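Asks: Sequence:
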Amino acid sequence: MGFFSSEPKVIESPTKDFMGQHLYHLDGIGANLFVYDTCVVIDRTQGGLFNLGNRTYKIIPIKNILAIQVKSTGVTSGFLEFATYGHENTSMKGFDRTNDENNINFNSENSVNTAREIVKYLVPKIC
Numbered sequence: 004m005g006f007f008s009s010e011p012k013v014i015e016s017p018t019k020d021f022m023g024q025h026l027y028h029l030d031g032i033g034a035n036l037f038v039y040d041t042c043v044v045i046d047r048t049q050g051g052l053f054n055l056g057n058r059t060y061k062i063i064p065i066k067n068i069l070a071i072q073v074k075s076t077g078v079t080s081g082f083l084e085f086a087t088y089g090h091e092n093t094s095m096k097g098f099d100r101t102n103d104e105n106n107i108n109f110n111s112e113n114s115v116n117t118a119r120e121i122v123k124y125l126v127p128k129i130c
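When the sequence shown is numbered by my numbering, its final residue is 130 and no position is left out of the sequence of numbers.
Hints were generated in silico from the structure; no laboratory data involved.
Please note that a few of the clues may not be correct.
[Unchecked claim] Below, simulated DSS-like cross-link-like pairs (lysine-lysine); rule was C-alpha separation at most 27 angstroms, straight line:
(1) Lys19 / Lys128
(2) Lys123 / Lys61
(3) Lys66 / Lys128
(4) Lys61 / Lys74
Since the structure is predicted, the reported quantities are computational estimates derived from the model, not experimental observations.
Generate the whole structure from the sequences, applying the supplied hints.
Replies: What follows is the structure, given as structure tokens:
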């Protein structure tokens with residue numbers, strides 16, 4: 004596959020070998036979100052310009068998600084943020100959220116629709 008190839012890039016979860024196939028996938032800016040039946044995986048292992056030095060992934064059990072905050076795209080990027088026990092989300096303002104480990108940033112209309120589907124799936128499980 005060349006640099007200007009029109010073939011879609013298949014992105015796999017770093018947990019696929021022990022968790023199986025994901026239900027939803029959100030391709031974000033510097034991170035990917037994979038949703039499974041019992042947890043979400045925030046994957047920063049793919050790298051990229053906005054993700055230098057951070058080659059990690061985080062598994063959050065759905066039962067530990069207290070709230071989901073969503074901002075749709077507009078003048079700035081949108082985001083999907085998961086509030087969990089011990090998560091310091093109250094002191095963050097504005098662009099501080101872009102580096103938050105429980106946050107996925109996105110900027111395409113397709114990502115907005117995918118985020119909406121993910122929220123529709125997760126809300127009944129956390130409420």
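Asks: Next pair to validate is lysine 123 with lysine 61; report whether the Cα-Cα distance is within 27 angstroms.
Replies: Status holds; Cα separation ~21 angstroms.
Asks: Would you check the hint for lysine 61 and lysine 74, treating anything up to 27 angstroms between C-alpha atoms as holding?
Replies: With a Cα-Cα distance of about 21 angstroms, the restraint between lysine 61 and lysine 74 holds, given a limit of 27 angstroms.
Asks: Does lysine 66 pair with lysine 128 here, judged by a C-alpha cut-off of 27 angstroms?
Replies: Roughly 8 angstroms separates the two Cα atoms, so the pair holds.
Asks: Please work out if lysine 19 and lysine 128 have their alpha carbons no farther apart than 27 angstroms.
Replies: holds, 22 angstroms
When held up to the earlier numbered hints, the structure conflicts with none and fits them all.
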